[in-house]
Amino acid sequence: MSKGIWVVVEQAQGSIRKVSLELLSAGAKLAAEKGEELAAVILGSGIGNLAGEAGQYGADKVFVADDAKLADYSTGAYTSVLAKLINENEPNLVLFGNTAVGKDLAPRVAQRAGAGLASDCTAMAADDAAFVTFSRPLYAGKVNAKVASPAARPIMATIRPNSFPVVESPKTPEVVNVAVSVDAADLRAILKEVIMQASGRVPLTEATIIVSGGRGMKAPENFSILEDLADVLGAAVGASRAAVDSGLRDYEFQVGQTGKTVSPVLYIACGISGAIQHLAGMFSSQVIVAINKDPEANIFTVADYGIVGDLFEIVPLLTEECKKIKA
Amino acid sequence: MNIVVLVKQVFDTEAKIVLSSNTQISADGVTQIMNPYDENAVEAALQLKEAQGGEVIVVSMGSQKAVEALRTALAMGADRAVLVDDPALIETDEFTAAQVLAKAISTQNYDLILSGKVAIDGQSSQVPARIAEILGIPHANVVTKMEIKDGKAEVTREIDGGIEIIEMPLPAVVTAQKSLNDPRYPSVPGIMKAKKKELKTLSLADLGLSADEVASKMAVLEYSLPPARQAGRLVQGDPAQAASELASLLHSEAKVI
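Sequence order for the protein chains is A and B. Read in order, the letters of the first sequence are residues 1 to 327 in this note's numbering. Read in order, the letters of the second sequence are residues 1 to 257 in this note's numbering.
These aren't lab readings, by the way, just hints derived from the structure by calculation. Quantities reported herein were computed from a predicted structural model and do not represent experimental measurements. All C-beta atoms, glycine included, are put in the ideal place defined by N, C-alpha and C. Errors might be hidden in some of the hints.
[Unchecked claim] Pairs of lysine-lysine, DSSO-like flavour, derived with a Cα cap of 27 Å:
no., chain 1, residue 1, chain 2, residue 2
1, B, Lys145, A, Lys260
2, A, Lys323, B, Lys255
3, A, Lys324, B, Lys255
4, B, Lys255, A, Lys18
5, A, Lys192, B, Lys197
6, A, Lys69, B, Lys16
7, B, Lys49, B, Lys193
8, B, Lys149, A, Lys192
9, A, Lys260, B, Lys255
10, A, Lys3, A, Lys84
11, A, Lys260, B, Lys195
12, A, Lys323, A, Lys218
13, A, Lys3, A, Lys18
14, A, Lys171, A, Lys146
15, A, Lys293, B, Lys255
16, B, Lys193, A, Lys192
17, A, Lys69, B, Lys152
18, B, Lys103, B, Lys197
19, A, Lys326, B, Lys255
20, A, Lys84, B, Lys103
21, B, Lys65, B, Lys193
22, B, Lys49, B, Lys103
23, B, Lys145, A, Lys192
24, B, Lys149, A, Lys293
25, B, Lys255, A, Lys29
26, A, Lys146, B, Lys65
27, B, Lys16, A, Lys146
[As the list claims (entries may be wrong)] What the simulated footprint calls covered on chain A by chain B, stretch by stretch (three residues with Cβ under 8 Å from a Cβ of chain B suffice, anywhere in the stretch; the number is not a length):
no., region
28, 283–290
29, 318–327
[To be verified] Here are a few chain A residues that face chain B, going by a calculated C-beta distance under 7 Å:
no., residue
30, Leu30
31, Arg112
32, Tyr139
33, Ala148
34, Pro150
35, Ala152
36, Leu187
37, Ala189
38, Gln197
39, Gly200
40, Pro203
Looking at chain B on its own, in the form it has when it is part of the complex (with noise of 0.2 Å):
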């Protein structure tokens, strides 16, 4: 059971943003997390790992930032990791990510592929879903429960106002959701072990592609910061006066009941 968790740097949840021009959100001093998802995945390969044995590799596209997530994720017990980092790779949409990531997963041998559900920071939740269509496999998004076993994979994943339960043949592309499981902690052997293994990185030419081929067909004009809300009104009166102005407030002034 060889499996490739894909697994992404990204700002951590209390980040401010801030622009340093109106194409460029600042990276500075910002902390950086391995996307929390993306642990759920980790973890869900290292359980499968530790029941049916194999390799877990995990698989990230970005900056040297990167190489903090693919250590984490090393220190958690997965067994090796690719980076793929190159100049051309630092302002890409998501068909570009998919391209390059379905490359440098094809040079591996893989049962399944998984991911978090979502990236927190460009939310596009669209990449492991496009490699699966590279690949020509299956994939199932926003899973709660996985169970694999005589090569298929079974899957509970969320819908709007429900679940279902899907059965695919492997390999496929697994996306986790929170509730799949609770991600470990590095253990300090871990860390240690860690520093050890295998970290490649690969440059878009390493993996025979060219920067055109890859071109992304999104662009980002421009980014903004949302206006600041105001602080408004604060209702005033004994908790009954306060609650029947404010019912009449949003009822007659901001008319939204």
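Just chain A, same shape as in the assembly (with noise of 0.2 Å):
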């Protein structure tokens, strides 16, 4: 008898991230339609601190597996250890965040639980038939479809982070000690060293507002007013593929169907034309701004501000006008 929905939950510096509490908050939505349990499955080293912080979401049920082994994520000790846990308790569905750890971990998991995926998810509702449909864009966003699972069971999820708001509903769980073990099969890769990036800025993927330039920037350094203004709104920088293709930022911060797909509440756009497979990437975006010299640019198409001028003028006095609106 399958029974729960069931969120694994990220954490970073010692508390559950964002994306997770999205999926608490729609889980716990999602169970009390269903009738349904929700339960945080939390893997790390140090970590049982974090079951209040889920209760907090909503969780009436907390899996702990604190372990050493588990300290640094590592796909075979990971898909291990949740396997076994979902074989044994028979979830009607897992939710992932559609993170670098989700992405990777939930098809191995799904594969080894003979379960269908969804990736990328945007939105999900409760359904009498196949217990829960999701709506994920495919082609960058240019079509959305809505799948289910109409028979197997677990069903699986990866969630894209900012498709849910993070809501309050206080519980006191019970917390259920994981007894980790890993198969040896599962140890063979080897995670030598992490390095991670101190750019001090929000993830482009996990932002709420980005502020993107195109080829309009015309050099590199020209990017310094970008920052100026995303740092005072605490954004992310983005780019186009144009620019990036200039040599005019890195491929990294490349928003579009070749790059990232961004849904943030507020988008940005300077010196940006919108070519089709751009528009593709941040087309969800719930704000979107333009500021372009071209009036026929496709970008204003989309865009619910814009701005005709030299973006090399209007950005900096956005910004100072920013900053006494955050002051």
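From the two separate chains plus the hints, produce the assembled complex.
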């Protein structure tokens, strides 16, 4: 008998990552609708204190797999522990964040559990026949697919960050300590080194505000005016493919179909013409602002607010105005 | 060093999506290309072959359209190609694709399996890791640097907010990030040679699989196009007025700052 909705919780610097809080919040709502129990699953080392935090966001139960072997994420060890736990408890639904860890772990766990997996979902809804349906953007958002796992259980999904609001619904969860054992076959890959890049800026895919530059930025050093605006707004800085291909910005900052797909609350496009493949990657942003000197630029057809003009004049002025508002 | 590279034929990034019904995306008149990240995987395989010898086998699942992607890989320098094409595989999920491709790969002699980090159509990034699981070997995703020696792969991969370095025994599955290398263009002699290289098409029956045993877990209930965004308001005035007006609209009207 399958039972329960699970959220595989990620942590960073000793607290639960925002995307996991979003999943717990959305999971709590779905659990209430389906009359199911919501469980958080936390893997790591020295993480017992996170169970209470998971309870704040609606978890009825928290599985804690606390072991030195799980201190750093590794595909093998995490798959081993999680797949066994799923096998023993047979949840109906297992949710992951569509993060580096979620994207790496979920397919491997799904395959071991013989499950289907809906990747990079942006919405989910209770369903009488299929338990739950998901909406997932394909072709970087040019089309949406509504998908379901009609028969196979558990159902699994990875959910894009910023898809659901964080809502507190405090509970005192039952804590289940999981005995950790990792199959030798899952320990063949060895993690040799982790190097965190101390940029101090939020990752693009999790940012609530993104300031992005296109070919109109003209030179790499000109991105400093976007960084100044981003600093004031607590934003990430992105770039179009045209800017990346012209060597103005590194590939890791590229927004679009062959870069990152983002859906921030506010996307400020500066000197970006609005090619189809770029629009695909940022189309689902809540509010889009375009600053471009070409009034015919395609970006204006999707922008909620636009300024036709010289971004080198306007962006610094906008930074000053935002400072006043933030003060 | 025998390397299998998984490639997929996908819509070009500039393609607009048109639905022929609410359960079907139309491919009529759409330019198709090899999935861009798969080009990086092919390039990585060719560089390894050039350095260490061996064979590069490109494998795809899809309709006869996928022949173009396979021929492109052969023209870049891959040695031979395998296409799994079966009417039962027209609408499939990642579970099915992984079962079928893993079976096709298992008939080959391989030390390393490469693919792009994601296919830009379905964007699920599932199939390589699922194949690794089926074959019982390790995998590493989103790899930006790879060194193969002494039967091991040492790879650098992107994680959220940084990178990590992993060492895995071969055989293993590795998925390529764009920054892994700069894919070569097929040369004219390469294109001529590619026409004579082996391209084998296999059905499910050829692989000893039945449609039932690889049946999809997930189903698409419907496709829909995202609601069109309305062009909004152009903020007028000289730069200082416009900037001030925009900031106040974002604050008071849109309430996003």
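Here is how each hint holds up against the structure:
For the suggested pair B:Lys145 and A:Lys260, the alpha carbons sit about 20 Å apart, so the restraint of at most 27 Å is met. Between A:Lys323 and B:Lys255 the alpha-carbon distance is near 15 Å, which keeps this suggested pair within the 27 Å criterion. Our distance criterion of 27 Å between C-alpha atoms is met by A:Lys324 and B:Lys255, whose separation comes to about 15 Å. In summary, the hint linking B:Lys255 to A:Lys18 is supported, as the alpha carbons are separated by about 21 Å, within the 27 Å threshold.
With a CA separation close to 40 Å, the supplied pair A:Lys192 and B:Lys197 exceeds the 27 Å bound. A C-alpha spacing of about 47 Å is found between A:Lys69 and B:Lys16, which places the hinted pair above 27 Å, so the restraint is violated. Simply put, B:Lys49 and B:Lys193 have alpha-carbon atoms about 17 Å apart, close enough for the 27 Å limit, and the pair holds. Only pairs whose Cα atoms come within 27 Å are accepted, and B:Lys149 paired with A:Lys192 is accepted, the gap being roughly 16 Å.
Between A:Lys260 and B:Lys255 the alpha-carbon distance is near 25 Å, which keeps this suggested pair within the 27 Å criterion. Between A:Lys3 and A:Lys84 the alpha-carbon distance is near 15 Å, which keeps this suggested pair within the 27 Å criterion. With a C-alpha separation of about 36 Å, the suggested pairing of A:Lys260 with B:Lys195 is violated against the 27 Å cut-off. Distance check on the hinted pair: A:Lys323 and A:Lys218 sit about 25 Å apart at the alpha-carbon level, within 27 Å; holds.
For the given pair, A:Lys3 sits about 25 Å from A:Lys18 by alpha-carbon distance, which is consistent with the 27 Å threshold. This hinted pair does not check out: A:Lys171 and A:Lys146 have alpha carbons roughly 32 Å apart, beyond 27 Å. Between A:Lys293 and B:Lys255, the direct Cα distance comes to roughly 26 Å. Compliance with the 27 Å bound is thereby established for this hinted pair. At roughly 42 Å between alpha-carbon atoms, B:Lys193 and A:Lys192 are farther apart than 27 Å, so this suggested pair is violated.
Under the criterion of a C-alpha separation no larger than 27 Å, the hint pairing A:Lys69 with B:Lys152 is consistent with the structure, at around 22 Å. With a C-alpha separation of about 22 Å, the suggested pairing of B:Lys103 with B:Lys197 holds against the 27 Å cut-off. At most 27 Å may separate the alpha-carbon atoms for a hinted pair to count; A:Lys326 and B:Lys255 meet this at roughly 13 Å. Note on A:Lys84 and B:Lys103: the hinted pairing holds, with a Cα-Cα distance of about 25 Å set against a maximum of 27 Å.
At most 27 Å may separate the alpha-carbon atoms for a hinted pair to count; B:Lys65 and B:Lys193 meet this at roughly 20 Å. In summary, the hint linking B:Lys49 to B:Lys103 is supported, as the alpha carbons are separated by about 24 Å, within the 27 Å threshold. Taking the CA atoms of B:Lys145 and A:Lys192, the gap is near 14 Å; set against the 27 Å cutoff, the hint holds. Distance restraint check for B:Lys149 and A:Lys293: the Cα-Cα separation of roughly 53 Å exceeds the 27 Å cut-off, and the hinted pair is therefore not satisfied.
For the suggested pair B:Lys255 and A:Lys29, the alpha carbons sit about 26 Å apart, so the restraint of at most 27 Å is met. Under the criterion of a C-alpha separation no larger than 27 Å, the hint pairing A:Lys146 with B:Lys65 is consistent with the structure, at around 26 Å. Restraint check for B:Lys16 and A:Lys146: satisfied, since their Cα atoms lie roughly 19 Å apart, inside the 27 Å limit. For the region 283–290 of chain A, the stated coverage by chain B holds: 6 residues have a C-beta nearer than 8 Å to a C-beta of that chain, and at least 3 were required.
Figure legend: the region 318–327 of chain A, annotated as covered by chain B; annotation consistent (7 residues with Cβ-Cβ distances under 8 Å, at least 3 required). With its C-beta approaching chain B no nearer than about 18 Å, A:Leu30 sits outside the 7 Å limit, and its interface hint is violated. A least Cβ separation of about 6 Å between A:Arg112 and chain B falls short of the 7 Å threshold, and the interface hint therefore holds. The interface hint given for A:Tyr139 is met, as the beta carbon of that residue sits about 6 Å from the closest beta carbon of chain B, less than 7 Å.
Annotation: A:Ala148 was flagged as interfacial toward chain B, and the flag holds, the nearest CB pair being 6 Å apart, inside 7 Å. Look at A:Pro150: its Cβ gets to within about 6 Å of chain B, closer than 7 Å, so that hint holds up. Evaluation of the A:Ala152 hint against chain B yields a held restraint, the C-beta minimum of about 4 Å falling below 7 Å. For A:Leu187, the shortest C-beta to C-beta distance to chain B is roughly 9 Å, which exceeds 7 Å, and the interface hint is violated.
With a cut of 7 Å, the hint placing A:Ala189 at the interface with chain B holds, because the nearest CB-to-CB distance is about 4 Å. For A:Gln197, the interface hint holds, since its Cβ comes within 7 Å of a Cβ in chain B; the closest pair sits about 5 Å apart. Nearest Cβ of chain B to the Cβ of A:Gly200: about 10 Å, over the 7 Å cut. The hint is violated. For A:Pro203, the suggested interface contact is upheld, since its CB lies about 6 Å from the closest CB of chain B, less than 7 Å.
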